[in-house]
Amino acid sequence: MSMPKAAVATEAGERVLTFAQAINEGLREEMVRDPRVVLLGEDIGSYGGVFTVTRGLFAEFGRNRVIDTPISEGGFVGAALGLAITGYRPVVELMFTDFVFVAGDQLFNHVGKARYISGGQRTVPLVVRTQQGSSGGKAAQHSQSLEALFCHIPGWKVVAPSTPGDAKGLLQAAIRDDNPVAFLEHKALYFTKGMVPAGETLLPLGKARIARPGEDVTVISYSKSMELALGAAEVLAAEGVQAEVIDLRTLKPLDLETLLASVRKTSRAVVVHEAHRVCGFGAELAALIQEAAFFDLEAPIQRVAAEDAPVPYSRNLERAVLPQVDDVVAAAHRVLERRP
Amino acid sequence: MATRPDLLDLYRMMVRIRRVEERLEALFRSGEAYGSLHLCIGQEATATGACAALRADDTITCTYRGHGAVLAKGVPVGAVLAELLGRETGCCRGRSGSMLLTDLSRGVIFSTGIVAAGIPIAVGAALSARLSGSDRVALTFFGDGAVNQGVFHEALNMAGLWKLPVILFCENNQYAEMTPTHEGTSIERLVDRGAAYRIPGVVVDGNDVEAVYDVTAAAVARARAGEGPTLIEATTYRLTGHMFGDTQPYRAKDEVESWKARDPLLVARSRLQERGVGADAVGRIEEEVEAEIDAALEAARAAPEPRAEEATQYVYA
Chain A
0 MSMPKAAVAT EAGERVLTFA QAINEGLREE MVRDPRVVLL GEDIGSYGGV FTVTRGLFAE
60 FGRNRVIDTP ISEGGFVGAA LGLAITGYRP VVELMFTDFV FVAGDQLFNH VGKARYISGG
120 QRTVPLVVRT QQGSSGGKAA QHSQSLEALF CHIPGWKVVA PSTPGDAKGL LQAAIRDDNP
180 VAFLEHKALY FTKGMVPAGE TLLPLGKARI ARPGEDVTVI SYSKSMELAL GAAEVLAAEG
240 VQAEVIDLRT LKPLDLETLL ASVRKTSRAV VVHEAHRVCG FGAELAALIQ EAAFFDLEAP
300 IQRVAAEDAP VPYSRNLERA VLPQVDDVVA AAHRVLERRP
Chain B
0 MATRPDLLDL YRMMVRIRRV EERLEALFRS GEAYGSLHLC IGQEATATGA CAALRADDTI
60 TCTYRGHGAV LAKGVPVGAV LAELLGRETG CCRGRSGSML LTDLSRGVIF STGIVAAGIP
120 IAVGAALSAR LSGSDRVALT FFGDGAVNQG VFHEALNMAG LWKLPVILFC ENNQYAEMTP
180 THEGTSIERL VDRGAAYRIP GVVVDGNDVE AVYDVTAAAV ARARAGEGPT LIEATTYRLT
240 GHMFGDTQPY RAKDEVESWK ARDPLLVARS RLQERGVGAD AVGRIEEEVE AEIDAALEAA
300 RAAPEPRAEE ATQYVYA
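From first to last, the protein sequence lines are chains A and B.
0 is the number of the first residue of the first sequence in numbering that gives the first Met the number 0; add one for each residue after it.
0 is the number of the first residue of the second sequence in numbering that gives the first Met the number 0; add one for each residue after it.
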């Protein structure tokens with residue numbers, strides 16, 4: 000893969016890469032390091048993946064390492080499970096997260112439970128990379144955010160990076176993890192750019208990042224919704240409110256410690272995600288925070304999330320259903336109302 | 000091709016499976032075992048004949064009617080009985096029960112309670128053998144009902160496309176759960192489904208353990224030689240209900256009786272007699288198997304239950 004022409008390596012060996020390039024590099028380095036890492040998915044071979052993530056890997060590693068599958072999500076997720084329990088470390092690309100439902104029996108009845116129901120005999124080092132969320136106009140079956148499903152089923156770890164550097168580091172850690180990991184990319188992030196370390200980049204799963212420190216309100220988010228959280232923090236700063244923005248990076252295992260430390264400091268929390276509000280991951284976050292820190296809170300926790308409607312096509316409808324920066328600012332205002 | 004095993008040894012395995020199933024039924028009746036129970040009584044020759052054609056390092060996936068296959072692949076009776084009694088000494092430490100039996104050390108890589116779901120997993124195991132340069136094969140057991148599931152077709156397509164070393168073993172026991180197979184499937188010979196994926200099919204008398212061994216051994220030889228998958232349809236009959244408690248209003252007693260005359264244990268016994276094996280040798284097998292099961296059950300009963308404080312152990316590595 001060629002580096003962007005403008006890339007300039009820093010002293011720490013960091014360069015500017017797109018999110019897609021960062022994942023590509025993460026995959027490539029893991030495949031070089033460990034011959035047991037094999038990729039499976041639709042159009043990931045010579046085509047290089049619909050979002051260019053596997054570009055160049057087929058040419059470099061060949062058809063036994065980069066396996067183009069038929070359009071059979073249940074079939075090839077099952078096959079990946081068979082590979083994982085017989086010594087390989089498959090990384091599956093599900094082209095759209097919406098296809099999770101097609102492969103649902105394998106993902107949720109089999110992959111997630113495989114270790115437990117064998118009394119610990121099976122080890123399932125399987126990563127499912129998929130991409131979710133809206134990039135505009137892809138409507139109800141190609142815009143969903145399904146992290147709550149994976150979080151709900153025991154056995155899965157769930158990762159949702161927001162920056163190219165995090166994407167590479169978390170992916171490499173996910174591939175080395177001995178558990179099934181749902182690695183949830185966001186289709187509107189692939190061509191965003193950021194600093195990415197060269198070479199092995201391991202970020203531990205289950206460690207959140209304070210993306211912007213602040214004292215007045217904690218805004219918790221992940222994946223592309225971090226843009227909303229950080230955008231709102233800018234607006235709030237202009238009003239004199241310092242928001243502390245936390246990027247979860249990993250939803251399961253969850254870095255509750257970092258969340259609680261922040262909430263105990265600010266006494267106010269807003270949770271932001273693109274998935275539906277009803278039974279979304281934000282409900283779990285709000286419940287966990289109030290269970291542990293109810294008496295530290297000055298206001299009810301607010302959730303900013305998608306409406307209880309499928310993602311619509313028309314621009315104005317889509318905008319109305321999905322959360323916007325203004326919604327985050329408004330939620331922050333609500334939790335700040337009772338500020339002394 | 001490997002030499003066919005001694006019929007007396009195959010018979011011993013079939014008796015072992017039959018008596019374990021009968022014992023389990025009694026344990027369910029008394030309430031000592033619980034949950035779900037899907038017996039394979041009448042189908043002992045399929046599991047026994049097929050697994051006899053496999054090496055220790057070959058893998059199988061099983062269905063929820065899989066006690067027979069698990070035993071035939073070499074999992075000890077005690078590990079199975081202890082699992083169904085919910086004991087820590089069970090093959091899955093009391094986490095699986097009847098439907099999800101696994102013993103990686105004996106190549107039982109997955110048993111599933113979902114119809115057809117083991118087939119793509121076996122395809123993955125076969126792909127694994129191919130990628131690692133091993134001549135190991137993967138065999139997947141499934142029932143006649145499975146041929147109408149989506150992943151059956153997805154898995155066969157991949158197996159045929161990539162010519163994988165997988166043996167697709169359909170136990171046609173005439174009923175998809177409670178519905179006669181022909182009422183849910185548009186074709187007579189289930190192996191015809193293989194043609195759509197360029198997978199050769201063979202139909203075999205599933206109550207003749209030696210015939211089952213022979214066709215499986217041929218399929219295994221093909222797979223090891225890199226010639227790809229084979230779809231086997233073993234015609235057999237489930238002599239008991241779909242599950243414990245099934246009152247079986249969907250079939251006539253006459254039909255069951257006619258299949259009892261072709262009971263795989265009877266078939267093997269009469270062949271042993273023809274070959275001059277004495278009744279005492281056959282009778283001794285009965286006694287030895289009973290003693291084996293008695294001892295295994297006693298040990299299982301004495302074994303501890305899993306500790307409640309370890310209920311969430313093994314969710315993550």
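Think of the hints as simulated: they come from the structure by calculation, not from any bench.
Check the hints yourself; a few may be wrong.
Below, a list of computed lysine to any residue pairs in the SDA-like style, where the Cα atoms sit at most 20 Å apart [as the list claims (entries may be wrong)]: (1) B:Lys-162 - A:Asp-254; (2) B:Lys-162 - A:Asp-67; (3) B:Lys-259 - B:Arg-11; (4) A:Lys-206 - B:Lys-259; (5) B:Lys-162 - A:Pro-69; (6) A:Lys-264 - A:Asp-254; (7) B:Lys-259 - B:Gln-272; (8) A:Lys-137 - A:Thr-51; (9) B:Lys-162 - A:Arg-62; (10) A:Lys-206 - B:Tyr-315; (11) B:Lys-162 - A:Asn-63; (12) B:Lys-162 - A:Arg-64.
So, going through the hints one by one against the coordinates:
1. B:Lys-162 - A:Asp-254: Roughly 46 Å between the alpha carbons, so the hint for Lys-162 (chain B) and Asp-254 (chain A) is violated.
2. B:Lys-162 - A:Asp-67: This hinted pair holds, its Cα atoms lying about 15 Å apart.
3. B:Lys-259 - B:Arg-11: holds, 19 Å
4. A:Lys-206 - B:Lys-259: Violated. Lys-206 (chain A) to Lys-259 (chain B) sits at ~62 Å, over the 20 Å cutoff.
5. B:Lys-162 - A:Pro-69: The hint holds at about 14 Å.
6. A:Lys-264 - A:Asp-254: holds, 16 Å
7. B:Lys-259 - B:Gln-272: Holds, at roughly 19 Å.
8. A:Lys-137 - A:Thr-51: Cα-Cα ~18 Å, so holds.
9. B:Lys-162 - A:Arg-62: holds, 14 Å
10. A:Lys-206 - B:Tyr-315: Measuring from Cα to Cα gives roughly 17 Å; hence the hint holds.
11. B:Lys-162 - A:Asn-63: holds, 14 Å
12. B:Lys-162 - A:Arg-64: OK: Lys-162 (chain B) and Arg-64 (chain A) at ~17 Å, within 20 Å.
The earlier numbered hints that this structure contradicts are 1 and 4.
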